[in-house]
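Asker: Chain residues, written in single-letter form:
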Amino acid sequence: MFEVRDSLKPQVGPLTRFSSRIRGGGHQYRRFAKFAILAAVLLLLLACSTGRQSTWDPVGPVAERQLLLFNVLLWVMVAVFIIVEGVLVYAAIRYRRRPGQGLPNQTHGNMTLEITWTIIPTILIMALGIWSVITIYEFDEPPASADVLHVNVTGHQWWFEFEYEDAGGGKRIVTANELRVPVDRAVRLTLESDDVLHSFWIPKLAGKIDVVPTRTNHLWFQADSDKIDSLPATFYGQCAEFCGIAHALMKFRVRVLDQEDYDAWVRNYGPPPANTEQAKQGQRVFGNCAMCHSIDGENDSQAQASRKQAFLSGGALVPAPNLTDLRTRESLAAGLLDLNKENLKRWIRNPEDVKPGNYMKSRAAHLYGTGELSLSDSDLDAVVAYLLNLQ
Amino acid sequence: MATITGVLARPTGYAGIWGWITTVDHKRIGVLYGVTAFIMLLIAGSEAGIMRAQLAQPDSTLVGPETFNRLFTMHATAMVFMVIMPLSASFFNFVVPLAIGARDVAFPRLNAFSYWVFLFGTLLMHASFLVGQVPNAGWFSYANLTGTSYSPNAGLDFWALGLLILGISSVAAALNFLVTIVNMRCPGMTMMRMPVFIWMTLITSILLVLAFPVITVGLVELVMDRNFGTHFFDTAGGGDPILWQHLFWVFGHPEVYILILPPMGVVSEILPTFSRKPLFGYPVVVFSGIVIGFMSWAVWSHHMFTTGMGPTALTVFTITTMLIAVPTGVKIFNWIATVWGGSVDLKTPMLFALGFISLFIIGGLSGVSHAVAPSDFQQQDTYYIVAHIHYVLFGGSIFGILAGIYYWFPKLTGRMLGEGMGKWNFWLTFVGMNLTFFPMHFVGLNGMPRRIYTYGEEFGWGWLNMLSSLGYVVLFIGMLLFVINLIQSLRNGRAAGHDPWDAPTLEWSISSPPPVYNFAEIPHVEGRDPYWTTKQRAEAEGHPITAGEAHVDVATIHMPSPSYWPVVIAAGITLIAAGLLTHYALSFVGGIIAFLGTIGWSNEPAAAPQSHH
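First to last, the sequence lines map onto chains E and L.
Each residue of the first sequence is one higher than the one before, counting from 1 in this note's numbering.
Each residue of the second sequence is one higher than the one before, counting from 1 in this note's numbering.
Same shape as in the complex, but just chain E (with noise of 0.2 Å):
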């Protein structure tokens, strides 16, 4: 302990070596300030990513102004800080004591300092603060004009359930874990939870709202064609509200389509077609996986309350994600794989596997009451023909 204590005795402190190098002002310093500098603003530059779920990267008028504000802000907070770190090292540096020093000038305070540093922040502040309240005004709803498409999102542990009242033509849809919405289209959310508390967030779209049960909440965005490169176009969420076992895999997408894209998939929603033996096959044993998971778009909102009901009263039931238009996604699991034949098949034998603490297998009895799926091989290929509409 005592060779430690040796190795780790320089009386010199670093910030003094630092400031002696300062008030020798050679040109080796400057060098290495201007190099630290730009070392510093090239970082800092790299690590504000433009990546899946980055703020800075917005594409429609929510975000964007989110984004402005935020902005401002940091850029006043910059400057705030750089003054007031500068004036306090540079203080802390300048009156460091000198050998043989005396009693320095006991000063007590100033009333017109004390003033003017209380009316400057305040004015400062009003003045940003005025704007963020106009802001949180224009930013409440879409705007009064805009041709709105509604759709009702409910949070479930660990995934969300779009429910489209008229997707297009008075037509009902219900799908899960991806949300697809015609471009440059202001989208009103209504948001429920069917069980906890949850937070519906697609960063380049929008700020996040919280999904609360008992509670009915909205939010709104708009995808703008002017800032998106090509269509469709996929933009990635994830649940921010700590919601239990699996909330970091609660993770979810907004599908932008063009207008045509989006008609044709409202047009084309249904069950898969089982026009196949093995589709037929398939059907016959998604009965077993019906008892949760709905097929249609129409009826299931009376389908997923007796399930609720038969969950909270612990029974082998749970209100689970609607697959009737499965086939059309690019996902599986809440955003979790990539939607194929191999995936899904992996997902179906062993849930707990890709999605940890999901209640598929523990609630399943009849399905995984040994321990393992109870489904033949000829059986699980053929449901998963059946749902992907493999021909």
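Simulated from the structure, these hints should not be mistaken for lab results.
Pair by pair, the computed Cβ-Cβ distance ranges are: (1) L/N227 x E/E277: 53 to 63 Å; (2) L/N227 x E/R172: 42 to 52 Å; (3) E/L337 x L/I39: 40 to 50 Å; (4) E/W131 x L/L586: 50 to 60 Å; (5) L/T598 x E/I82: 51 to 61 Å; (6) L/N227 x E/K280: 47 to 57 Å; (7) E/K280 x L/G229: 48 to 58 Å; (8) E/E260 x L/W463: 33 to 43 Å.
Quick caveat: nothing in here was measured; it's all calculated off a predicted structure.
Using N, Cα and C, we set each Cβ at its ideal position, and we do this for glycine too.
Keeping the supplied structure of chain E fixed, place chain L upon it in accordance with the hints.
Answerer: The following block gives chain L in isolation, referenced to the frame of chain E:
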């Protein structure tokens, strides 16, 4: 009743383990608080280490989701309730009576009681590890995830009951310090002559007394929901989960200031001492502390911006939250003005105090960006908030507390903490802290939510998380040096003398460590910074000052005798809670112990008959 006091006669000795268990001496209780809370700091800090190891890389499988959820729940719960609050309480205990010229706190036995309740509450909550049913719903434990439908095991009962017990400790201690500060100041120490640390203790105590009943209501409702079938938060029975959030944050936001005001007070003592200049704008610093105390009650819903409160509530809480930055800023400006034009000695306490200011500025500024609701919609529940809270609570509270430990350690032990090691401790902690928490701002703005145990490589959060985890290693080494420094200095640190820093406040006028009775003669104060005045006068008159000049026979000073009852009642109360977790019979036994303990306490004579203190 005589039989009960007869069973446990008032102990007389100060020696040995029983001396510590029965002590009512505020300095010893301060040490007990400090040591316990510091051990908890190491435990909760290690929990953070496991989380940083898990998050260092994408798709890591070091720990699973259940373990991770337990870790972040216990890390934050411990850091708030069992580390920062009791470390502050440790300073209240050790410093307050000394700095106001008193011989002890107003209620010495209640003071001991507060500590034992704190210790037992801590142990009770951590007993959850022994039975493998650890709290896992976060330190905020939002309803209705906390209901038995979604959290069937006993983890949340441990959490709620543990916090209820810790609340008893906090309120008892806060009342004690309120009364002590109001009633026990030495002659001449008017309110506006009190050291700023005493002011901040006073404001903190008021906040504690008012805030804890709110969380107590919430916790009692939670316990009843979980154990007796009520539906306060149970949505299936018509309960309201948002009610919990209001109760939690009406407590929780004042709580944030409960955590930061005491370190602000510590820094307000250290800056003048090491600048050899009185605190700039004393009345303004005090008044801004009071304003912060008041305003802390009007900002709680900024934690709930995304719950769908509607634009009116968003507006109100955006504005109030932004405005609280003003008194906070004013404090910072006055601190800087204190350093300005001073004779600045960059000893370790001063380094930590300056570190506190510089890091707290960052935490305060990022706070403004999520005071604004539309900006917060993107930041709420992301790592940006994690960065913010750690700049405030680590850069702020913990740095302030470390500054205080370096500052008052010589008074407590009579020995100096190693200065060279202290500087290394400071710089490693400072660099490690920034390396850990600064990248979190970016990873949050890049879309990483909090409380996720894993993330995919495709999100691009990997390298920033790796940076944070490496920062943790540096931070860990920095704190390790602190522990080594503590141990080494306790054994063979340089002798401190009574006044190593040429400090302005009364505690430095007596010997280090102070005698049991603190002041042989109760001091008489004529202004702020009384000990500076005394020393300057003595210098002008040409006779140097020595510590502890006793003009009285110390044998005539009567100090309260030690007592068994505080620890007995604390144990009884803990058993009541433990019974709810095991068998109600245990609660009954606990109730009887607490009841008899109370009778014993009330009938106890003020001092043992043969006591000389």
